[in-house]
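Trainee: Letter by letter, the chains look like this.
2 protein chains.
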Amino acid sequence: MVQRLYITYNQVHKLCQEAGQKILNDFKPHLMIAIGGGGYVPARILRSFLKTPGSPNIPIQAIGLSLYEKLTRDGPEEGLGQQVTRTQWLDFSSINRTDLIGKNILIVDEVDDTRTTLQYAVQELEKDVSEVAKKAGRENEKTNFFIFVLHNKDKPKRGFLPQEMLDKGRYLAAQTVGDVWCCYPWEATDIDEHDRLAAEA
Amino acid sequence: MVQRLYITYNQVHKLCQEAGQKILNDFKPHLMIAIGGGGYVPARILRSFLKTPGSPNIPIQAIGLSLYEKLTRDGPEEGLGQQVTRTQWLDFSSINRTDLIGKNILIVDEVDDTRTTLQYAVQELEKDVSEVAKKAGRENEKTNFFIFVLHNKDKPKRGFLPQEMLDKGRYLAAQTVGDVWCCYPWEATDIDEHDRLAAEA
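Chains as they are written, first to last, in the UniProt record's numbering: chain A, 1 to 201; chain C, 1 to 201.
Keep in mind the hints are simulated off the structure, nothing from the lab. Don't take every hint at face value.
[What the hints assert, rightly or not] Simulated pairs of lysine-lysine, BS3-like, Cα-Cα distance not exceeding 30 Å:
| no. | chain 1 | residue 1 | chain 2 | residue 2 |
| --- | --- | --- | --- | --- |
| 1 | A | Lys157 | A | Lys28 |
| 2 | C | Lys51 | A | Lys157 |
| 3 | C | Lys168 | C | Lys14 |
| 4 | A | Lys14 | A | Lys168 |
| 5 | C | Lys103 | C | Lys168 |
| 6 | C | Lys157 | A | Lys51 |
| 7 | C | Lys51 | C | Lys28 |
| 8 | A | Lys142 | A | Lys127 |
| 9 | A | Lys28 | A | Lys14 |
| 10 | C | Lys134 | C | Lys168 |
| 11 | C | Lys51 | A | Lys14 |
| 12 | A | Lys51 | C | Lys14 |
| 13 | A | Lys135 | A | Lys28 |
| 14 | C | Lys14 | A | Lys14 |
| 15 | C | Lys127 | C | Lys51 |
Same shape as in the complex, but just chain A:
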């Protein structure tokens, strides 16, 4: 049976608070991209801790990605493939594509499980930015991506992130856990019982 890890809202809050300090010191993001639904809560909390006196809030763009299991033609042995579906992307009617060029962009999600969604997000964002930079003749301006997740599951990954991102420490998991079931508070049907189970552990 898979072990369950119960996480309270206040724990999530404190993980974001700690991470916020590190991210401000090491990366100074210009824009945050929240992967919804799981990234919504950490992204909103994190924004409070990325606010510096005298500066406006860091803007957040939400994107929607969901994994769905897909039966491959290779049959049950090859088993289930995972495919990412885009339900929302950056809204280029409200933000200017060229505004992304040369910026530090922070991608936020709740959990890094198979890494499939994160790989998709980074690849597609890099592709978008490099296309627009090419068109604008601004390929010399480096756009940097940084990932923040609450939990990374220490397990073999199906998705991969750019080596440069890992080498430069631009991947931050507030906590690294085993292959457990992360029970986030926003999914609790009884939040008092959820907190009790978290305290017990």
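Once you have looked at the hints, place chain C on chain A.
Mentor: Only chain C this time, still in chain A's reference frame:
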């Protein structure tokens, strides 16, 4: 001095849980639109309580709206005008505009203060849908909007909502409060102290 109302995460969670039941009974939304950043947390929690067995999660689209104060040319007497800035809108590259026609759409934000942002959201969404319905020759299909906020401040409003929405009970505030300062947990720099202050009240 403005009175401060401290709200804990678990209180927010329970307000969403109660509201979820009502919204499912009365409205059965097909799509949720979270007004960011304040709507991100309640929208994510609410999604858990709008899930019905055997059905997929209700999709969430995030939009970004922020109010900024603008000095009008009429001088200080007329004072500060408030203008809504769009930082993100529905992404019509990922969703089909016509998919909105005839649907029940739930708009989520954290607080209804001056009502300016909510008015803007409803007006612009109605405009978008009515344009696309007209083009598609589907004007006979009614698209319904419903608003959920955690807190409504009982004060004179600058913004207005469609009378039909109010008449049909399609506006739900989990709590109605005076003209207080709502201190949401995701803005707390010391979450334990925040909880203590909430418990004290």
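Trainee: Now look at each hint and say whether the structure bears it out.
Mentor: Here is how each hint holds up against the structure:
Simply put, A/Lys157 and A/Lys28 have alpha-carbon atoms about 28 Å apart, close enough for the 30 Å limit, and the pair holds. A C-alpha spacing of about 29 Å is found between C/Lys51 and A/Lys157, which places the hinted pair at or below 30 Å, so the restraint holds. Only pairs whose Cα atoms come within 30 Å are accepted, and C/Lys168 paired with C/Lys14 is accepted, the gap being roughly 24 Å. The hinted pair formed by A/Lys14 and A/Lys168 meets the criterion: a straight-line CA distance of about 24 Å does not exceed 30 Å.
Distance check on the hinted pair: C/Lys103 and C/Lys168 sit about 16 Å apart at the alpha-carbon level, within 30 Å; holds. Restraint check: the Cα-Cα separation between C/Lys157 and A/Lys51 comes to about 29 Å, which is no more than 30 Å; the hinted pair holds. At most 30 Å may separate the alpha-carbon atoms for a hinted pair to count; C/Lys51 and C/Lys28 meet this at roughly 10 Å. Using a Cα cut-off of 30 Å, the hinted pair A/Lys142 and A/Lys127 holds, with the two alpha carbons roughly 13 Å apart.
Proposed proximity of A/Lys28 and A/Lys14 is supported: the alpha carbons are some 19 Å apart, at most 30 Å. Between C/Lys134 and C/Lys168, the direct Cα distance comes to roughly 24 Å. Compliance with the 30 Å bound is thereby established for this hinted pair. Using a Cα cut-off of 30 Å, the hinted pair C/Lys51 and A/Lys14 holds, with the two alpha carbons roughly 28 Å apart. As the CA atoms of A/Lys51 and C/Lys14 are separated by approximately 28 Å, the hinted pair is consistent with the 30 Å bound.
Distance check on the hinted pair: A/Lys135 and A/Lys28 sit about 26 Å apart at the alpha-carbon level, within 30 Å; holds. Restraint check: the Cα-Cα separation between C/Lys14 and A/Lys14 comes to about 21 Å, which is no more than 30 Å; the hinted pair holds. Distance hint between C/Lys127 and C/Lys51 is fulfilled; the C-alpha atoms sit about 29 Å from each other, no more than 30 Å.
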